[in-house]
Amino acid sequence: MIDIHAIREKYREEMPLYDELVVYVKKILAEETRRKGVICKIEGRAKEMTSLLKKALGKKQTYNRIRDKAGVRIVATYYDSLPTLEEIVRQRFNVVRCENKKLGLSYNELGYLGIHLDVKLKESDLSGVSRWFRGRLCEIQLHTHGQNLWANISHELLYKGALPLPDDTQRSIYQLVALVELFDDQVKRARHYLMAQPGYEEAKMLSLLEKHFYRLSTRPFDGINRELSIRLITLLEQLYTAEERAGFGILMDQFVASNENILEEIFEDFAADERDNLLLSQPESLMIFERLEHAQHHLEKVWSAEFPLSLLSPLASMWGKPILDDSEL
Amino acid sequence: MEPQRLRIDRLIVHDIPKKDSGEQPRLSESARPVDPSLLNTFKLKISDSLKLAANDVAFIPNCESCVPKLVLDQLGESPSDFVEVSQAIAKRLFECQTSRNTAGFLTVVHGNVESKPALVILKLEKEKGVRIEPQIVEGKLTYDFEEISMTLGTNTKVFKIGFFVQTGTTLDSIVGSASDTQRSTQSIARVAGFFLRSFLGCDYREAPAVTTMRFYQASERYINEEVTDPLKRKRYEFALQATLDSQRSVFSPKEFAEEHLDGDDIDYYLRFLEDANVPLQQIPKNISLIEKHLRKMQFNFERGTILIASKEEVNENIEFTSLDGNSMRVSFQDRLDKVKGKI
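Residue numbers (my numbering), protein chains in the order written: chain C, 17 to 345; chain L, 25 to 367.
Hints are supplied without guarantee of correctness; some may be wrong.
Result set (BS3-like, lysine-lysine): computed pairs, CA atoms no more than 25 Å apart in a straight line [claimed, not checked]:
#1 C:Lys317 with L:Lys256
#2 C:Lys42 with C:Lys57
#3 L:Lys316 with L:Lys366
#4 C:Lys52 with C:Lys220
#5 L:Lys69 with C:Lys317
#6 C:Lys63 with C:Lys26
What follows is a set of in silico ranges between Cβ atoms, one per label pair, in the way DEER data are often shown [unchecked claim]:
#7 L:Lys140 with C:Gly144: 23 to 31 Å
#8 L:Asp59 with C:Gly144: 50 to 58 Å
#9 C:Thr93 with L:Arg31: 28 to 36 Å
#10 L:Arg31 with C:Ile246: 30 to 38 Å
#11 C:Leu340 with L:Thr122: 25 to 33 Å
#12 L:Asp80 with C:Leu340: 19 to 27 Å
Simulated from the structure, these hints should not be mistaken for laboratory data. Cβ atoms here follow ideal geometry from the backbone N, Cα and C, with glycine treated the same way.
One chain only, chain L, in its complex shape (with noise of 0.2 Å):
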């Protein structure tokens, strides 16, 4: 389901305090008409954040959660009170929060893509700005300080959220995506999936353990298929390796083609991992299942040499050379430690 083909219909928000302030969630009583230019920067902002960070969910089966039944309510053709039920999200959304969790707004966002209906299902979180502005004092030039608070600046990226399309009548019919991330992709551990599981009751579609392979296994395809250049595979298997084995909690095929490959690669590149159904979005990274494949790089050459060293000694210690005909000249110097025989 593509969210930027998303059409509003209605549109809710509810205020949810932290957990720790003292306040209850403030709901609001009615689905007020919006204008639709607001509603398209919705729509965009809706589709943007689970175009960069979404991957597919299903929901899990009879979990903890009241949410799951919402959805399905909802999405229905004889659906209960839009408000009620979005108030019954915000309440549930409140439950499951922890003091660590910020305050913000649960939004819930009801429509439809081709014809099917639709539910979004967002956390917006609040934020602290200062807004600078230059004033005149006295003859002077200076500047006026306001704190502001905002909530969905031009670039506010939403990280806690759900879209949720109903291709049938059962739950199992429902497609969803979601996101459940921190705001900064540097951060070693994923925040607690309560966004993910214990509020929406929904799970990945895929594990990540392998969906991190599969586009492990298809971006080496393409480096040994489509590269012809021995060095520009070097490059590029080693690259791809050093962003696997990083810290950080989430990668992106996409940020990592823009950083890593070379200008005229990267669209080819994306095109071959979307025919191999690669998300192209943020992944949250597991590499359990590839972790021996990442300890060490090897090279099979053409006339049988095989060459095995740590990321490394590749990096630092061994020379490589562009030759004519696609051929390279690998050198380094090290003391033998060992000979043998080999089947």
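For reference, chain C alone in the conformation it holds in the complex (with noise of 0.2 Å):
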């Protein structure tokens, strides 16, 4: 018999330690999705009170069966970033137990999606942190957008209801999960179509760019303008040659790759000073620190028939580069 009052009595105080093991788990991925550049969002708590009580009773689960006393749940934006996550994932925690949810259904049959991984923290994470760390589980579950919202609508409909739901309602529901599954493949198919036509290099060239910036910023994700992005981004591709141009990105990961320290240095200096700069909150401003360093005046000739060169000058006193002014000639 499951000692439900025992469980209570446990769970209240080992929740705050759970608490903190989340809050652990989702700065690691932090670090490590936007040292790959990889776009997502990250959300987790501990599991609440109530809801693992219920578990214990419904699945008359023990108090240490019960994996997901951690979750973090990852919310790519991408459905081709899911195995980079996944390898994310597996490289930097120890995987105790891997289900995709995908794998266990069979072609005509659709159902939950998303890949849930059980994992414990590595040796090289538990210095500095709680012993009590070491070997608690945290279930980090990997989604797209369309799966996320699935897997919270699904939950209110499916597993929480009181009574079966009639076959008909049902199978209204199971066109829901359709629909998900073929939003995702649309985007997919629509992301990787519009990437391959020969007019959107702007989107490519963005592309290689939010890698780094994302990388070196400490900004968030939904704080990118994209209309400017593609904007600026057209303006400032007229800079470069054609054979720059077609090797786009592997000049932007000699530029960052060069100076590193001193992008770091900038973004963590001046990233949170909004007065004058609201180009470090967008990925150009790497294309703009570049052109800088070997194209100042054509920049600038450029920069000043679209936008007014105040905007510039900040980026370029941080560059060591400041421009002159007309009444210095």
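Grab the two chains, each in its own frame, and use the hints to assemble them into the complex.
In structure tokens, the structure reads:
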């Protein structure tokens, strides 16, 4: 028989520690996903007391058999990011169990999707933190936005209902599941199609810049203005030869690698200072720094045809290439 | 050392009056914490000023000024009290100023550049200005005038600044750059080097005559090796000579490029100079080593013809016409003075 009172007492004692574990796991994941330039949202919490007790009663599980006392969910913007996210989790944690919900469905079945991994902290991550974390499980779920939406709704519709649903209602719900799968597939397909189009260079350049920007910047992902990004990139790409545009990814990789320390310092010192530095919160700031280094005069000339030089000036100063006033000529 | 990488940890300001005002310096007694965004403003001002106008300097051995020893102390592992040292530096500035020097704020900034300890000493000059604000008085638009005092406005340039980074443990291992110029670059005479020499105890690491010569030589090499259009070559050479022959006491390669070179050539020219280790910021001009090269221009043609003429003649009386294949026609009218054999 499940001793619910004992479970309650034990979890009351340990819940704050599971909260801390979630915070720590989220921090590790945030650093790693930024480092790899994967755009995603990371959320998590310790399981609520009521939910834990109900799971113990409903599934007749002992306290130790409940594996998701600490739960973290990573919601990827793009379906293609899921393999990278799984790789990140496998590299940074000891994976005790992995379940890809999609693999459990046959071709003619629809259902809950996502990848669930039960993990423990690696030895190298245990120094400087509570010894209590050693051996403790955390469940990490990997979802796309579509899968995340379905996961939230299905929980309410299918698993929390007091009575079983009639067939036609269940059918409607599974149509929603099909729609979610279709949504993710179509987003992935549309993205691949668009990126392959000849005129889509700006979007490709943005994607290459984002990879470095998210690693260097401490800005939240939703602070980027994409219309401004495309407008700036369209302006700045004139500053590159056709050959440089074709090898833009390598060019930026080399630039960032050669200037990693100074870029980190700039983002650390100025990113929080909103007064004149709004360009620092856009990935194109890396392109601007690169052009300041290699073609400052050309950049100033092209820039001033569309934007005031006063917008460029703070970045020029940060890079150590101040813009001369006309009054100084 | 790149000044834009300066990270400031403390800063103090002392009020230095004019020498003949009868007042004494008002010295701060503590270094108050400064808002991080204000520190960023200072950092960019310092960096911009150094990048535009400073040159490499070294401390003069056994000089009269106490500043080198104080800088060495502050960049050491066990520095003396920052406030007391900055006060001593402020007193030294007041001592060596003359009645020609304006009042200002002596600012001492301590920080680091790539983890190496750094000290910046700058004099911020007080400026009087007028604030003009629109107002409605008795239903009519008018403007209100208010006299204000300003020290570090958006467009203020810091012209007296010393930036020192310790790369070792001795006075010689301190890498410095400093600027000591008038506000106006049109001035014939530079401000007497009181700030650089009497106060900071420094001198330029490379004599201005040598730097000027290196700029001239690198620029001529660029013109002759990288510019193919003959008319453009003539134009650039003329501008180079005119710039160096002008009355201005300072010049800036970057300004020269922006004023005289075609847009497409500027970035490459500046990289060419950088590769030749020619500084791009403002340089005190001294043409003593190249003076005779500036008197005339010489054009050497492929088949052996040499034309030597003054700049005035080149500009006013000799016509150059560009032809196909990078060749040119040169024509001028003059009375023949002498003809003779030449080896």
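Status of each hint after checking the structure:
| no. | hint | result |
| --- | --- | --- |
| 1 | C:Lys317 with L:Lys256 | holds (21 Å) |
| 2 | C:Lys42 with C:Lys57 | holds (10 Å) |
| 3 | L:Lys316 with L:Lys366 | holds (22 Å) |
| 4 | C:Lys52 with C:Lys220 | holds (17 Å) |
| 5 | L:Lys69 with C:Lys317 | holds (23 Å) |
| 6 | C:Lys63 with C:Lys26 | holds (13 Å) |
| 7 | L:Lys140 with C:Gly144: 23 to 31 Å | holds (29 Å) |
| 8 | L:Asp59 with C:Gly144: 50 to 58 Å | violated (32 Å) |
| 9 | C:Thr93 with L:Arg31: 28 to 36 Å | holds (34 Å) |
| 10 | L:Arg31 with C:Ile246: 30 to 38 Å | holds (34 Å) |
| 11 | C:Leu340 with L:Thr122: 25 to 33 Å | holds (31 Å) |
| 12 | L:Asp80 with C:Leu340: 19 to 27 Å | holds (21 Å) |
Checked against the numbered hints above, the structure violates only hint 8.
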